[in-house]
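Q: Position chain B with the ligand relative to chain A; hints supplied.
Order-wise, the sequence lines are chains A and B. Note that my numbering numbers the first sequence so that position 7 is 7, with each residue one more than the last. Note that my numbering numbers the second sequence so that position 194 is 194, with each residue one more than the last.
Some clues are possibly wrong.
Said to hold, decoys possible - To give an idea of the chain A side of the interface with chain B (calculated C-beta under 8 Å), a few residues:
(1) A6
(2) D8
(3) T67
Claimed, not checked - Quick look at which bits of chain A chain B covers, simulated, 3 or more residues with Cβ under 8 Å:
(4) 24 to 32
(5) 74 to 81
(6) 93 to 101
Keep in mind the hints are simulated off the structure, nothing from the lab. Remember, it's a predicted structure, so these values are computed and weren't measured experimentally. Note that the Cβ used here is the ideal one computed from N, Cα and C, for glycine as well.
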Amino acid sequence: MTTRPAPDSRGPGRAYWRSGADGVLRLPRCTACGRLFWYPRTHCPHCGSDAIDWVATGGRGRIYTFTVVRQSPEPFFAARVPYVVAMVELAEGPRVMANVVDCDVESVRIGMPVSVLFEDLGEDIYVPLFRPAVGGAG
Amino acid sequence: MATSSLRDKYCIVGVGETEYSRHSGRTTRAMAVEAVRKAILDAGLRAADIDGMMSYQNGDSTPANWVAPDLGIRLNFYMDVLGGGSSTEALIGLAMGAIEAGMCRAVAIFRSMNGYTEFRIGGTGARAAQPVRGLDLAQVPFGMRSAGQNFAMTFMRHMYEYGTTSEQVAHVKVAHSKHASQNPKALLKDRVTVQDVVSSRWIVKPLHLLDCCLETDNATCVIVTSAERARNLRQRPIYVMGVAGRVSKPRTDFHWAHGPISRVAGYYAKDIVFGQAGITPEDVDITGSYDAFTFTTMLQLEEYGFCKKGEGGDYVSSGIIELGGKRPNNTAGGHLCEGYTHGMNMVIENVRQLRGTADDYCPKAADGVHTYDYGPRMCRQVRDPEITMNLGWAMPPTGSALILRR
Ligand SMILES: [Zn+2]
Chain A
1 MTTRPAPDSR GPGRAYWRSG ADGVLRLPRC TACGRLFWYP RTHCPHCGSD
51 AIDWVATGGR GRIYTFTVVR QSPEPFFAAR VPYVVAMVEL AEGPRVMANV
101 VDCDVESVRI GMPVSVLFED LGEDIYVPLF RPAVGGAG
Chain B
1 MATSSLRDKY CIVGVGETEY SRHSGRTTRA MAVEAVRKAI LDAGLRAADI
51 DGMMSYQNGD STPANWVAPD LGIRLNFYMD VLGGGSSTEA LIGLAMGAIE
101 AGMCRAVAIF RSMNGYTEFR IGGTGARAAQ PVRGLDLAQV PFGMRSAGQN
151 FAMTFMRHMY EYGTTSEQVA HVKVAHSKHA SQNPKALLKD RVTVQDVVSS
201 RWIVKPLHLL DCCLETDNAT CVIVTSAERA RNLRQRPIYV MGVAGRVSKP
251 RTDFHWAHGP ISRVAGYYAK DIVFGQAGIT PEDVDITGSY DAFTFTTMLQ
301 LEEYGFCKKG EGGDYVSSGI IELGGKRPNN TAGGHLCEGY THGMNMVIEN
351 VRQLRGTADD YCPKAADGVH TYDYGPRMCR QVRDPEITMN LGWAMPPTGS
401 ALILRR
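Next comes chain B alone, as it looks inside the complex:
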């Protein structure tokens, strides 16, 4: 398979985020400004070096052209798109395209949301008062609305077809809670057990409370520019080897009505992104498989070929995905434990891992000095990772992916 002509030509050069909390007390505009500013400083750029800005949202955030002026940035390109979990990787690809087209030179991509105090993804709060539109009107007569409800029927069918158990999949939460215990930023730093997960209350079968991610207030940012420019900046350049954005199943509405529903978008995305990068799953050192729910992590790892189809339950319960294992997943704790960001924190974490500067409890973490002791409140840096992969996921039928290298 031919590799991408853009492989290794673009880099992520800066990352930034606000606190992950459930009490921001601030506007999404103020949080976005903080995250973008931190990413600019992290990159060693000046505000005037940023001339492109993108964001994604669901009517719950502040657009780029309001955030840029607060930082003194004049834009040559901006775009705010509708969407959630599959947007991060897709926008990185679009930013590369905008720079390649000569539209701008450096793009800051942000996501800012008061996901707990203002607009809860679970369907309560401001979201519950929103008018229902479009095809959702064909689901509401049956009480089918929240993200968890929309995903649940896919998970149930996977359990039926492959014998996947709640206990196997609970290991995703166990692993991510272990990782979060090494992360000073994480919203939940306590390690949990399989028993804790399966004995937590039911939300929507087969999801218990601890199978679901944390609604969170936060803003996050990554900065994309050319590899040529990246070489003269403050951080070690992290190269984009491959990217796939919002690759979809044959039906994106009522996908449950078509084909085997235990097959998810990664099945269609994997050839694009691995083909561009010219690598296989075996070459990947760290994964960032989207954990809106424990099951989404499992299903994507399986679909992208990190194990055989149907063996995701065995894979996630084998120890492979934990720090110290062969290929840890979401080493900062992900959406289940660090905080819910619609995908951004998983890309930010992989960038830091590839730099060797995971911001854990090691005293000299910022200088890349780590103990590699994965006990609680210690280290979360993986030893010498070369390639990471992000597997992003929105609603069940659409997904995105990103392969990075140092």
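Pulled out of the complex, with its shape left as it was, chain A reads as follows:
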């Protein structure tokens, strides 16, 4: 009955949430200063330019920080405690938020290499998730 709560896919986040359709995680990049960033915005948070394009990442990184949630008011997540929420620092630089799945929550550590996978929510939304990487952060 419960499904994963959907993100707001209107606005500048649209390309992020549909990026996983082909299994590739993309990030916004400012074409004025060349920097990648996250969360998606209409303007570059580094230089203020509105010239933004989207580039493919390798989908790999390391856990910058995380938490293990043991109690949740959301029905979907209440049925799935304990679960991990992390900020993953991608090899390309920016940090993104995601759940870390396919592992024992007690094994998760800061600095742990992870790689992306996607959960298809329908309606062209693919939520990025991460799991422990085989062969390092890449």
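A: Relative to chain A, chain B with the ligand alone:
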């Protein structure tokens, strides 16, 4: 650094609060009226002397222009703002600005909430049914919603970078429970141990149940007016030396994505507020470091310079923050033990401490006669404090601060 041109020109002249409970059985309107009325009486003012009113809330309270008429007050200025923990100090600064601008003469600031029976900050109750809006929509797919969840990743990174332990930080709860045991108003008056904290159940790593504050029903109020006027009122004037409001990190949304996240808003606020007051942390006798969680108290004390960055765990476990220590923190028990008020009770307590009239179990506390015996159910008045500081905190990237003197 130049001190503020408004230093010592404004005072907190009245404070008031309702019972801290988990069963108010009343509306936020009725509670706000009681808290404001008590603060007016405390100040020795008449209702007609109040012509400004401010409050803060998150859609969970009653606005000022409904509370004022219940007290027979005609307002020249009112404003209700959205917000939580970083609002108290910010609104005191805004009240000073409104008076300085000639908009009004005395401002009552209140916060009223049924934080347990109606609208629980932990995300359950009425809050769970609220529609999710804005950027929160980018967090809900990952089950990231409550205040504890939002703070937890900052705490985890601090432990990783500096070796901070759960046992060190548990001392914040131990200290505040000791202080609450001297406070007849406190919701929890039992002293707890480090072991009690770290063996309580996990909520969200690294927060155990006893690392988290108490959702509470209550209303609170402080009254701000000019120093000139304060000198003729009932209480000893308590002067505002410096104030900083909602000072923020470079990103207020998804701040975890930017910069070192173990750095919090106090890093940016400290120069403003200490600069205005013309003092340093060494001059502060009592702190009121916001204790939504044990870790928030620790992180702010560290960031405002009461110890070196990264040494907050040592500082809070050293005994310094306990009554009888060098610089006690949240001497009424704070949000962890007295009750959760979004910051107001910590300012109220510091005002009473500076007056010398902490309302503890000493028989003549109201007259400023204290035993200074910090055993359970005894005294919580600090001996002769001159300067206090409040460190207010909302979500991880935004904070406020207030320095008061007698
Ligand atoms: Zn740019």
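Q: Now, for every hint given, state plainly whether the structure supports it.
A: Okay, the hints, checked on the actual structure:
1. A6: 7 Å, holds
2. D8: 4 Å, holds
3. T67: 4 Å, holds
4. 24 to 32: As far as the segment 24 to 32 of chain A goes, the hint is violated, because 0 residues have Cβ atoms under 8 Å from chain B.
5. 74 to 81: Since three or more residues must qualify, the claim that chain B covers the segment 74 to 81 of chain A holds, with 4 doing so at under 8 Å.
6. 93 to 101: holds (count 6)
This entry does not satisfy hint 4, going by the numbered hints stated previously; all others are met.
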